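Visitor: The primary structure of each chain is shown beneath.
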Amino acid sequence: MDVRTAVTSHEVTLDIGAEFARLPFGRFPEDGPNNGQRFREEFLIPMFEKCERLVVILDNARGMGSSFLDEAFGVFAKKCGLTLAEFKRRIEIISRRDPSLSESIEQYVLDHTSASIN
Amino acid sequence: MKLLKRLSEEQRRRNQRRLRRRQKNAARRKERRDHYRKYGYKPAKHKVRIIRTQAPIRLDLEAEDTVTRRQTIDFLRRLQTIPNIHKKHALFVDLANCEFVGLSAALVLTAELEIAQMRNPGMVTGRDPIDPEAASVFDIVQFHRHLKYVTIPEDQMAKPSENLVVKLQSGGLQDSPGTRLPEAAAAISEVLRNCPDIDDVEANMDRIHQALNEGLLNVLQHAYPDEGSRSLRHALDPKEKRWWAIGIVDMVENKLTLFVYDRGVGISSTLRPNLRERLAGYVGKDRDMRAIKAAIDYGRTSRSEGDGGKGLPQMLDLISHFPGSFIIVESGHGLYVVDNSSGENEVSVGTSEDPLPGTLLYWELRLDGREDGGD
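Line by line, the protein sequences are chains B and X. FYI, the numbering used here numbers position 48 of the first sequence as 48, with every residue one higher than the one before it. If you count the second sequence from 1, you need to add 118 to reach the numbering used here.
By construction, these hints were calculated from the structure, which means they are not laboratory data. Careful: at least some of the hints might be erroneous.
Said to hold, decoys possible - For each label pair, taking beta carbons as the anchor points, the in silico distance ranges come out as:
id, chain 1, residue 1, chain 2, residue 2, range
1, B, R90, X, D355, 48 to 54 Å
2, X, E182, B, V55, 50 to 56 Å
3, X, D404, B, E11, 53 to 59 Å
4, X, V319, B, R90, 31 to 37 Å
5, B, R97, X, M369, 42 to 48 Å
6, X, V319, B, I94, 48 to 54 Å
7, B, E30, X, S460, 24 to 30 Å
8, B, R96, X, I248, 39 to 45 Å
9, B, R97, X, D183, 43 to 49 Å
10, B, R97, X, D355, 40 to 46 Å
11, X, E251, B, I94, 54 to 60 Å
12, X, M369, B, K79, 44 to 50 Å
13, X, V455, B, V55, 27 to 33 Å
To be verified - Chain X is nowhere near these chain B residues, computed Cβ spacing over 10 Å in every case:
id, residue
14, L23
15, F25
16, D31
17, E49
18, E92
Quick caveat: nothing in here was measured; it's all calculated off a predicted structure. Every residue gets a Cβ at the ideal spot worked out from N, C-alpha and C, and that includes glycine.
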């Protein structure tokens with residue numbers, strides 16, 4: 001069985017702006033309905049568990065600050081026990097409008113995974 | 119005997135007339151009270167007095183001389199306390215003698231008068247500055263439109279200069295903040311669309327949107343804790359838990375000015391317990407200044423255990439994308455400034471003798487990428 005074929009056939013795309021909210025905001029439910037915790041628990045984790053590779057598109061959502069991204073991706077990596085390398089292997093972040101967002105997400109993942117190791 | 123009986127009847131009729139008159143007057147008083155309660159007026163047992171408060175000649179929170187700043191803060195604090203003490207009196211705010219008004223002072227003044235109006239509806243009036251330049255600052259912050267002092271049609275209202283594009287947003291934390299706040303941040307960041315010559319407008323708009331989101335999220339999470347505040351003299355009405363944000367693009371000067379203001383407890387009251395312990399030896403002005411520095415440097419707040427606190431650093435990072443810019447974080451006595459004028463982020467901290475009521479974030483972003491002395 002060709003591994004490469006197996007991986008690409010299990011690739012799923014998640015467009016935050018189209019499928020979750022155009023204006024994500026905050027960390028927790030008390031911050032508002034489109035918070036990072038809800039995105040992580042209702043979208044990110046379920047879709048991650050069903051595929052080999054998850055492509056997350058950020059371009060159609062606006063104003064995703066550090067609070068949302070940290071809670072969505074950083075805490076996700078900690079809860080799933082992923083290292084940064086595993087995160088990058090399993091998840092591809094597409095942010096053409098602002099490429100620095102994908103770097104920020106990697107930093108949040110690193111913060112949480114290195115904190116959990118320590 | 120007959121005479122006594124007649125007198126008694128007359129007396130009886132007189133008493134009945136007196137009783138009917140009393141009942142009629144009581145019904146009229148009740149109707150007036152119900153009317154006043156419905157429209158927010160309180161029936162005054164005495165004549166309504168007018169409390170006049172005069173603004174200083176210069177209203178400037180960024181003034182370098184302490185006298186001007188003190189006079190500005192004193193004036194703003196009077197506006198906080200007068201409507202609370204004299205609930206049955208009208209407040210007259212006299213701005214006629216103002217010769218200079220800073221933008222941040224105008225925004226804070228707008229906020230204070232909005233709260234004064236909420237406490238005593240219809241009881242707050244005043245006089246505009248005579249100086250046209252001072253008056254124009256109030257047009258920029260949409261003072262009259264925001265406080266509904268305008269009685270002329272929208273199309274006949276004085277507009278700020280054509281070189282300026284202004285977006286003012288405000289709201290209360292009771293009004294669906296989870297949706298209202300990001301929408302307000304999006305609306306303000308849109309002012310940058312008026313500058314098409316900027317490189318990467320979409321990405322920069324998004325960065326501004328993110329920074330504003332973090333500033334407003336801090337207001338939602340920290341500014342008005344439920345358990346009350348040591349810095350407010352009275353229990354805060356939920357309606358008074360409000361925020362104000364404004365974005366002003368100056369297309370001639372090529373700069374974008376952003377403010378986020380709240381009348382909350384201040385940064386030093388909302389640090390994590392472990393950070394509060396580190397600041398235990400400091401009091402007053404020093405404590406407020408060190409609290410802002412701790413919140414930024416240590417990147418942790420009291421709200422989330424183990425996570426969080428990245429918002430303030432992200433707000434500061436915004437100026438890295440706009441060389442020649444600065445940000446000021448002012449809370450209580452404390453002041454934290456990051457200045458990118460020389461191309462590098464230079465941090466300075468300080469204290470003020472006169473504490474600002476609340477927390478103010480103030481960005482000035484250069485849109486042409488020009489640093490000091492550069493082209």
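Visitor: Look at each hint and say if it fits the structure.
Guide: Here's how the hints hold up against the structure:
no., hint, verdict
1, B:R90 <-> X:D355: 48 to 54 Å, "holds (50 Å)"
2, X:E182 <-> B:V55: 50 to 56 Å, "holds (53 Å)"
3, X:D404 <-> B:E11: 53 to 59 Å, "holds (56 Å)"
4, X:V319 <-> B:R90: 31 to 37 Å, "holds (33 Å)"
5, B:R97 <-> X:M369: 42 to 48 Å, "violated (24 Å)"
6, X:V319 <-> B:I94: 48 to 54 Å, "violated (20 Å)"
7, B:E30 <-> X:S460: 24 to 30 Å, "violated (41 Å)"
8, B:R96 <-> X:I248: 39 to 45 Å, "violated (53 Å)"
9, B:R97 <-> X:D183: 43 to 49 Å, "holds (45 Å)"
10, B:R97 <-> X:D355: 40 to 46 Å, "holds (41 Å)"
11, X:E251 <-> B:I94: 54 to 60 Å, "violated (49 Å)"
12, X:M369 <-> B:K79: 44 to 50 Å, "holds (47 Å)"
13, X:V455 <-> B:V55: 27 to 33 Å, "violated (41 Å)"
14, L23, "violated (4 Å)"
15, F25, "violated (4 Å)"
16, D31, "violated (6 Å)"
17, E49, "holds (22 Å)"
18, E92, "holds (20 Å)"
Hint compliance for this structure: hints 5, 6, 7, 8, 11, 13, 14, 15, 16 are not met, and every other hint is.
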